[in-house]
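Asker: What follows is each chain in one-letter form.
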Amino acid sequence: MNVIEMDGLVREYGTGKGVRGVNLTVHEGECFALLGRNGCGKSTLTRLIMGLEDGYSGSLRILGYDVAGGSREYLGKIGCVMDKSIHWEDLSGWENAWFFAKTYQMPEDAMERRLKELFEMADMMERARDPVREYSYGMRRKLALIEAFCHNPLLLVMDEPTTGVDPRFTGRMAEMIRNRTADGLSTWVAGNDPDWISGINTRLAFMDSGKILAIGTEKGFIEELSPFQKVRVSLGRSVKIPSPPQGVVVSFDQSDKEITIIIEQELAFIPDIMEWIVTHGGEVSDLQVRGSTLREAFLLKTGEMLEQ
Amino acid sequence: MRPGNVFQLDTAAFLANRRGLIIRLGFTMLLGLPFVIIAMPLKIRLSGLSFIIIFVTFFGAAVSSVRRKTEGHYERLKVLPLPLWIIQMDMMLAGALVDFIQTGFLLVLFIAFYGTGITFGAILEISGLFITTLLLFNALGMMLACLMKNNSEVHLFGALGAFILAFISGLMPAPAVIQKWIVIIGRWNPLTAMGRSLMGTAQGQMGGIHDAGVFWGLMTLIFLIIVFIRLFEGRSLNAFS
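Residue numbers (my numbering), protein chains in the order written: chain A, 1 to 308; chain B, 309 to 549.
Rather than coming from a laboratory, the hints here were simulated on the basis of the structure.
Note that the Cβ used here is the ideal one computed from N, Cα and C, for glycine as well.
Certain hints may be false.
What the hints assert, rightly or not - Below, in silico cross-link-like pairs of lysine to any residue (SDA-like), each with a Cα-Cα straight-line distance of 20 Å or less:
#1 K377/B x K240/A
#2 K240/A x Q254/A
#3 K84/A x R375/B
#4 K77/A x L392/B
#5 K377/B x D90/A
#6 K377/B x K77/A
#7 K457/B x E218/A
Claimed, not checked - Which bits of chain B does chain A cover? Going by a derived footprint, with three or more residues having C-beta under 8 Å, they are:
#8 368 to 381
#9 474 to 487
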């Protein structure tokens, strides 16, 4: 079964921004990530899934329900993390989370256990009875995630979930998402943090200017889009090194004693580059070679789009 | 308190904000008490109290609904598996309950000070009209908020709307040509009817239970039953922290 089916989905705003013809399918038990720059239409697409946008054309089915037909039944089976963390500020975090769990019709004893588990996972148990107005930005974000996770939804829909959240919690969240996928539950993540998305084992798509540029896997994108190696050289003292002649070297950036070189995947050229540096008076104190990451694939892909 | 529905959530949020509670009650008292305790003609006294009710209910509902919308609370509720009419109804009931606390005290004081020959029928009638006014004006305020985009718009149009409501409720002098329309509208306006009943109470002209009293008494009962259900729905003894 497909949990999300979009066919020719268009939701444009007066400024020409928004979603401009998206065809996409997310399967049951799959984690799907949508990556793109700010303002590329990710949030609009995510809001469409949450049923928050009117005035669109095309077909949108969530968990088999026709959203365009006004169905709200699917909302009980999904959990939503919106781009903003909205809470009732004078109530405690626990009271806020309780309301959401109750609305999802969880049995009270299960709610108590589940919320306790999630608050502890977020390192927020000690602050659970404090009013939300006393929470930091990151704590509010964590609370929004607790509210979305509490009923273990069939489909979890998240917009920029890691913004402002500490790495300890994002690591735990990644683990929870991997466990969800292993349990056959589906997750939709929209964001612009490729490093985190890289850790949640997901199929993903790049989006720009309201359109899907490409859909695939992290491995596939790295191979396809970013066949480069990054070489980082630390110099013992500050010497200006000129750029080597163009060839396998794609870019050569120097910042004081640090040089970042991107080469095509021909590691055999590294000794030549080292020789070039030494010849021009550089003392190499450290050398790191790293393969491409999703981050580079993201930058390259959205960069390509910009040039076009 | 652990809220289990939107009514409980809104009511709990209102009660949890002690400062806001004191300011709202204090502000209403500050504006309303002069119309109860200072000597003035009965008609002006009632007009003042009625205007405070319009301001607190209609204007208050419009402003708080726009705030909910701009701060994202309404959207946060919209992604929950709740029918939209339940969300709206709970918000309206919570607003009416808060307004009841805010303005009801003034009416009680008015009746205590000036009511003569108070009957059970008069209390039923006034309370029913009062509750209907609160619900109607809250609903109107929420409807206005649907059309407004931000705070400045709602303040402008809310003030204008409050003025129009005060005008058609007969709280301000009007030319004779408009007066007959105000009388016609007044037949369907619970605030105007409540003003008449309060006037009758102060002049000792309210009799025993009659048809209107029974009808408005039923309205009170229905409101109380719905509030009771929404207040205790989904609660169990361990649902209170």
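Asker: Determine for every hint whether it applies to the structure shown.
Answerer: Tested hints:
In summary, the hint linking K377/B to K240/A is not supported, as the alpha carbons are separated by about 57 Å, beyond the 20 Å threshold. Proximity of K240/A to Q254/A is assessed by CA-CA distance (about 8 Å); at most 20 Å being required, the pair is judged to hold. Pair hint K84/A plus R375/B holds up; C-alpha atoms about 15 Å apart against a cutoff of 20 Å. Pair hint K77/A plus L392/B holds up; C-alpha atoms about 17 Å apart against a cutoff of 20 Å.
Straight-line distance between C-alpha atoms of K377/B and D90/A comes to about 17 Å, which keeps the hinted pair within the 20 Å bound. For the proposed pair K377/B and K77/A, the alpha carbon gap of about 24 Å is over 20 Å, so the pair is violated. Of the pairs offered as hints, the one joining K457/B and E218/A is violated, with about 42 Å between alpha carbons and a cut-off of 20 Å exceeded. Beta-carbon proximity to chain A at under 8 Å applies to 3 residues in the region 368 to 381 of chain B; the threshold of 3 is reached and the given coverage holds.
By the rule of at least three residues with a Cβ nearer than 8 Å to a Cβ of chain A, the coverage given for the region 474 to 487 of chain B is violated, with 0 such residues.
In summary, the structure is inconsistent with hints 1, 6, 7 and 9 from the numbered list given earlier, while agreeing with the others.
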